[in-house]
Structure formats: C-alpha cells, structure tokens
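Asker: If you want the building blocks of each chain, they are given just below.
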Amino acid sequence: MTNSIQRQELSSPRYEYGGDDHVFVELSEEMSFDANFEAQAITQEIRERDIPGIVEVAPANASYLLHFDPGELHPDDLIEELKQLREEIDITEYTWEARVIDFPVLYDDPWTHEVMMKFRDRHQDPDSTDLEYSARINGFDSVDEFIEAHSGAPQMVTMVGFVPGLPWTFQMVPREQQIEVPKYVQPRTETPSRAVGYGGAFTATYPVKGAGGYQLFGRTPVEVLDVDQELPDFQDSMVLPNPGDILNYRRIDREEYDAIREEVEAGTYEYNIGTIDFRPEEFFDDPQGYNERITEVLD
Amino acid sequence: MIEVLEPGLSTTVQDTGRYGHYHIGMPPSGAMDQYAHTVANYVVGNDEDAATLEMTYAGPDLKFQEDAVVAATGADMEPKRNGEPIPMWTAVQVEAGDVLSFEFATEGVRSYLSVAGGIDVPEVMESRSTYTLIGIGGHEGRDLEEGDELPVGSANGNATAGAAVDDGHVPDYANNDTISVVMGLCDYRLTDEGREEFLGTQWKISDEADRVGCRLTGPDIEGMFEEREQPFGAGPDPTNVVDLGYPVGSIQMAGQPIILMRDAVTGGGYATVGTVTSIDRDMLAQARTHNEITFEAVDVEEALDARASQDDQLESIRATFLE
Chain U
1 MTNSIQRQEL
11 SSPRYEYGGD
21 DHVFVELSEE
31 MSFDANFEAQ
41 AITQEIRERD
51 IPGIVEVAPA
61 NASYLLHFDP
71 GELHPDDLIE
81 ELKQLREEID
91 ITEYTWEARV
101 IDFPVLYDDP
111 WTHEVMMKFR
121 DRHQDPDSTD
131 LEYSARINGF
141 DSVDEFIEAH
151 SGAPQMVTMV
161 GFVPGLPWTF
171 QMVPREQQIE
181 VPKYVQPRTE
191 TPSRAVGYGG
201 AFTATYPVKG
211 AGGYQLFGRT
221 PVEVLDVDQE
231 LPDFQDSMVL
241 PNPGDILNYR
251 RIDREEYDAI
261 REEVEAGTYE
271 YNIGTIDFRP
281 EEFFDDPQGY
291 NERITEVLD
Chain D
1 MIEVLEPGLS
11 TTVQDTGRYG
21 HYHIGMPPSG
31 AMDQYAHTVA
41 NYVVGNDEDA
51 ATLEMTYAGP
61 DLKFQEDAVV
71 AATGADMEPK
81 RNGEPIPMWT
91 AVQVEAGDVL
101 SFEFATEGVR
111 SYLSVAGGID
121 VPEVMESRST
131 YTLIGIGGHE
141 GRDLEEGDEL
151 PVGSANGNAT
161 AGAAVDDGHV
171 PDYANNDTIS
181 VVMGLCDYRL
191 TDEGREEFLG
201 TQWKISDEAD
211 RVGCRLTGPD
221 IEGMFEEREQ
231 PFGAGPDPTN
241 VVDLGYPVGS
251 IQMAGQPIIL
261 MRDAVTGGGY
271 ATVGTVTSID
281 RDMLAQARTH
291 NEITFEAVDV
301 EEALDARASQ
311 DDQLESIRAT
321 FLE
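Top line first, the protein sequences correspond to chains U and D.
The opening residue of the first sequence carries number 1 in the working numbering; numbering runs sequentially from there.
The opening residue of the second sequence carries number 1 in the working numbering; numbering runs sequentially from there.
If you are wondering where the hints come from, they were derived from the structure by calculation, not from laboratory data.
Warning: the hint list may mix true and false statements.
Covered, in the sense of this in silico footprint (three residues per stretch, anywhere, with C-beta under 8 Å from a C-beta of chain U), are these stretches of chain D [to be verified]:
hint : region
1    : 12 to 23
2    : 128 to 140
3    : 183 to 191
4    : 234 to 247
5    : 268 to 276
6    : 303 to 309
Where is the CB? At the ideal position from N, CA and C, for every residue including glycine.
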C-alpha cells in the first residue's frame with residue numbers, strides 16, 4: 001500500500017466557451033488533488049487580479065467556470081490571460097489557511113434508510129442497502145469496516161454548488177484507498193435534508209430536501225446552509241463550507257445526534273473548527289502523517 | 001403599495017439577477033427574459049436593475065393603492081385597467097384604486113410589469129430577485145399569493161404616460177423555434193454522428209419547463225456519446241463527468257437534454273454539450289411547453305455580435321425614454 005499521493009500531470013487543459021458570457025476550463029477529465037488545487041489556486045489569483053468584466057469565479061473539482069460581461073471583456077483575451085496565469089502557478093507553493101471542521105454523521109440512520117427503501121427499483125442492487133452495496137463493491141468485508149474507512153481520514157471540500165451550500169468532499173488518501181461508487185441508475189425524487197451521500201469519488205451533504213442520485217450513507221445533525229443566519233458560525237455567510245476547507249466526518253450514535261440536533265434547533269450549536277496552514281507538498285509526501293496533524297487541531 | 005387580488009399562475013419579483021455567489025451554489029435568478037424586463041424598466045424611466053413582476057402563462061389582478069406609471073412587456077396577456085384594455089410596451093398611468101388585470105398569454109410565456117420606482121422589496125445579497133428553492137429575495141422568497149402587498153420605490157420623475165416602444169423593438173414570440181447554441185464544454189463526449197443527431201433533432205419542450213430548467217424530449221441521448229473508460233471520480237455512466245460547474249444556458253445531458261435556466265443547479269456530474277447564447281436564453285424564456293425547438297450551432301463571434309447588437313438596441317431604447 002502506498003503512503004504518498006501520486007502526483008498527476010495535467011497535460012492539456014481544455015478551454016471552452018460557455019455561450020458568449022462564460023469560459024469553462026477543464027484542467028483534467030479525472031479527479032485528482034493536483035487538478036483541484038490548481039483550480040483553487042488559479043481562481044484565487046483571478047479574484048485577486050480583479051479583472052474588469054469578471055462577474056463570477058467558481059472553482060470546481062477538476063475544473064473552473066468564469067462568467068463575464070462580454071461588453072467589457074473578450075473571451076479570447078480572457079483565455080489568453082488564463083493560459084499565462086497557469087504558467088505562473090506552482091501549486092506546491094500554493095498554501096492556504098484551511099478550516100478543519102468536525103462533521104458528525106449518524107451513519108445508517110432511520111431517515112435516509114426509509115427514503116432509500118422507497119427507491120430500491122432505481123438502484124443497481126435492490127436487495128442491498130446503499131451502504132451494503134458500496135461496502136461490497138469497494139472490497140470491504142462489512143458495513144462497519146466501510147464506515148470506519150469513510151470516517152477514518154479527513155476529506156477536503158473540493159467544490160461547493162449544485163444548490164447553495166452543498167459541499168463535495170474528496171477523501172485525503174492515496175487513490176487506491178479512495179472509495180468510488182456509481183450514482184443511482186435513476187435519480188431519486190426525494191432525499192432528506194442533511195443526508196450524507198456518495199457518488200463517483202465524492203461525499204456530498206444535501207443542504208435541503210430534494211432530488212438526488214448519490215448513494216445514501218447517513219445523516220448529519222448539523223447544517224451546511226442557514227438562510228436566516230441564526231447559528232453563530234453563519235454570521236458572515238449563509239453557507240458553512242468553502243472550497244479548501246477540510247471536513248472530518250465523525251461517526252456518532254443516536255444519542256449524540258439528538259443532543260447536537262437540539263442545540264442546532266435552539267440556534268446555539270457552535271461548530272468545532274480548527275485551522276491549519278495547508279501545505280500541498282507536505283500532504284502529498286506523507287498524507288497519513290499530515291492527516292493526523294489535521295485532526296489534532298480539533299479540540 | 002400594490003395589493004395582490006389574484007396571484008396568477010406563478011408571479012414573482014425579479015431583477016437583473018444576484019451575482020457574485022455562484023461559487024457557493026447560488027444561481028443568479030432574475031428575470032428569465034432580460035430583454036423584456038429591461039425594456040419594461042426603460043419605458044417607465046427606471047434603470048434596468050429595478051425589480052419588475054414576472055408573470056407566467058396567466059397574470060395576476062393587482063390593485064394599486066397609489067398613483068403610478070406602469071408598463072407591461074413580454075408575452076401579451078391582454079392587460080386591462082379597470083376592465084378596459086391598455087396597450088403593451090407602453091407607459092400607462094394608473095390612479096390609486098385602479099385594478100390592473102391580466103389574462104392568459106396565447107403567444108410567449110412570460111410578461112413583465114414595471115412600475116416607475118421599481119418594486120421595492122428588500123434586497124437579499126444585493127438583489128431583489130426571488131429564488132424559491134431556499135426562499136430568498138422577492139416577496140418572502142416565494143410566488144405571490146392573494147393578499148400580498150408590494151411596496152413601490154420612489155419614481156425619478158422620468159416616466160411619461162403614453163410613451164411607447166417602437167414596433168421594431170417588439171419581439172415576435174410565435175416564431176422562436178430555432179435556438180442558437182455555442183457548442184463546447186464537454187461536447188468532446190459526443191461522437192460526430194451524435195453531434196449531428198443532437199443538432200438535427202426537433203426537440204419537444206416538456207411540461208417540466210420552469211425557471212430551473214427547460215427539459216426537452218426526443219431521441220435517446222446515450223447513443224450520441226463516445227464510449228470510453230470513465231475517468232477516475234466520474235462515475236460509470238457514459239454521460240457522467242467529474243462534477244463541474246454549469247453555465248446558465250448550458251445543455252445538461254441527464255437522461256434527456258435539460259437547458260439550465262436562471263434558478264438552475266450550479267454544477268453537477270452530467271456532461272454539458274453547449275450553451276444557449278445569452279440573447280436566445282431570452283427567447284427560450286418565451287418558448288411554450290410542447291413547442292418544438294431545434295438548436296443551431298453558432299461560433300462565439302456570431303454570439304458576441306448578436307449580443308452587441310442587442311446591447312445597442314437596448315441603449316437606443318433607453319435613450320428614447322430619457323429624453
């Protein structure tokens with residue numbers, strides 16, 4: 001088993017027009033930390049340059065999207081600048097202050113279980129639960145071991161979107177240890193709010209009730225979206241996670257779930273958040289050691 | 001103050017949109033037909049960013065509790081003042097106590113009602129646009145209901161009752177069946193034949209067409225895709241990609257094509273194969289359920305030219321009403 005993160009060469013990013021007012025840049029067709037950190041670094045630099053005419057700057061897992069006003073900026077000039085920018089960026093030198101957030105999850109909870117049982121006909125394996133199926137296809141002997149793996153190493157927020165506040169997270173382990181599962185054959189029309197799901201190589205937490213196609217693993221008692229900004233940690237934004245943050249999924253029992261939920265509903269819950277000066281190179285060299293340091297910043 | 005007597009099918013407060021928050025998953029919302037919204041504002045002397053009412057298929061009945069100058073643009077819903085027809089695309093004086101009423105649109109989908117001074121609901125993240133999914137903006141973050149009361153901002157005095165937009169600036173919503181698209185994004189996933197089939201198909205607008213997306217029905221799309229070993233993180237379906245950002249107006253291939261509109265999801269894991277030009281997103285906002293559309297591939301310069309010529313047109317309309 002390797003204990004370092006294999007670096008990925010991003011040989012030929014794809015620069016694409018999105019109509020007359022967007023540019024989409026696919027750094028890589030496959031997911032990697034290299035692609036994600038480059039998307040983060042470039043989009044941060046674009047923000048700092050404050051290029052006239054740029055309206056939206058949205059980093060994604062292995063790509064990024066810009067929305068601009070074509071009255072102020074020609075897409076070809078923008079693409080030229082983006083290509084130059086890429087030459088100047090070395091992601092191993094790119095560091096940021098990452099928030100490390102304790103993220104409690106009640107795995108195999110009654111609410112997502114009830115919903116998934118309604119939609120077995122849309123699943124690859126109607127006779128298993130999503131957890132049983134995911135554990136099996138990823139080579140785990142039991143659901144318990146699988147949950148230990150999912151909650152056993154921190155995950156980085158590599159994209160926020162779909163709906164406001166939904167974090168996509170990517171586990172900070174070498175590729176051969178990463179969990180990969182398909183999405184439902186046909187998306188569900190229902191997913192409970194705060195459901196924790198998995199699709200492709202990503203964990204996602206659904207901020208609000210709605211449709212969804214990810215395998216359902218559990219439910220968190222905490223919010224990722226607080227529209228009224230009542231919880232203390234939402235004072236600056238209605239959305240909790242930001243790209244570059246680290247979520248440490250932690251397995252909890254029903255008793256703790258209920259206790260946290262009560263505090264959240266009372267508007268008094270305070271997230272357990274630490275910070276770390278994130279250094280990609282150190283993480284690439286020794287992810288296991290680095291992850292231990294990451295989790296240590298949580299009290 | 002404007003009192004809602006009957007809300008219509010789906011009426012919301014909208015403006016030019018909510019920007020700067022796409023990276024947290026916040027779509028722009030805002031008027032689906034930006035052209036009609038902007039012209040409605042210019043006619044009554046407002047800037048384009050004043051909030052208007054967007055009405056869908058069937059409009060509301062509204063009682064004005066103060067004097068105001070208003071204008072209706074977009075789809076013709078046969079507006080009436082106290083039961084008497086009033087012209088579209090024209091500044092109209094209403095007095096306190098008057099009732100404005102709207103019928104069903106027979107061509108186009110969405111009408112816009114501007115009021116000199118704008119609909120003065122509170123801004124949320126610098127916009128008055130309604131985004132119903134999380135219930136923000138507009139009037140209480142939702143469609144209007146009977147009994148709602150909408151505040152009107154103070155007018156700048158530029159409105160002149162009777163002023164009308166030249167006929168040449170009024171779009172024809174009956175013939176909007178060809179939609180310009182800049183192919184790209186993940187269209188490398190299509191085979192040459194698949195691309196041809198995509199562009200050669202008359203797609204039908206399904207009855208699930210709303211502010212989130214314009215869902216189309218037509219031939220099976222999976223066959224249009226190139227076979228490949230799926231890249232790590234994408235998921236096994238040929239239409240799956242590593243989750244990425246979707247431009248507003250992009251065409252997402254999820255079972256069937258969905259054109260993502262202004263309240264759409266901001267990203268996801270299905271391949272997008274092109275983006276409807278900004279001008280034709282306005283036309284799409286007026287395309288009716290069960291109509292058929294075809295996509296016409298244009299290059300980015302053609303799309304930019306069309307946009308620039310519409311910007312010039314809007315500027316000349318604005319100048320007319322400033323004088």
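Asker: Does each hint hold? Answer for all of them.
Answerer: Structure-based check of each hint:
1. Counting residues of the region 12 to 23 of chain D whose CB lies closer than 8 Å to any CB of chain U gives 5, so the stated coverage by that chain holds, three being the minimum.
2. With 4 residues carrying a beta carbon less than 8 Å from a beta carbon of chain U, the region 128 to 140 of chain D meets the three-residue requirement, and the given coverage holds.
3. Counting residues of the region 183 to 191 of chain D whose beta carbon lies closer than 8 Å to any beta carbon of chain U gives 4, which meets the minimum of three for the stated coverage.
4. For a cut-off of 8 Å, the count of residues in the region 234 to 247 of chain D with a CB near a CB of chain U stands at 12, and the three-residue condition holds.
5. Restraint check on the region 268 to 276 of chain D versus chain U: 4 residues with Cβ-Cβ distances below 8 Å, three needed, restraint holds.
6. Three residues within the 8 Å Cβ limit are the bar, and the region 303 to 309 of chain D against chain U gives 5, so the coverage statement holds.
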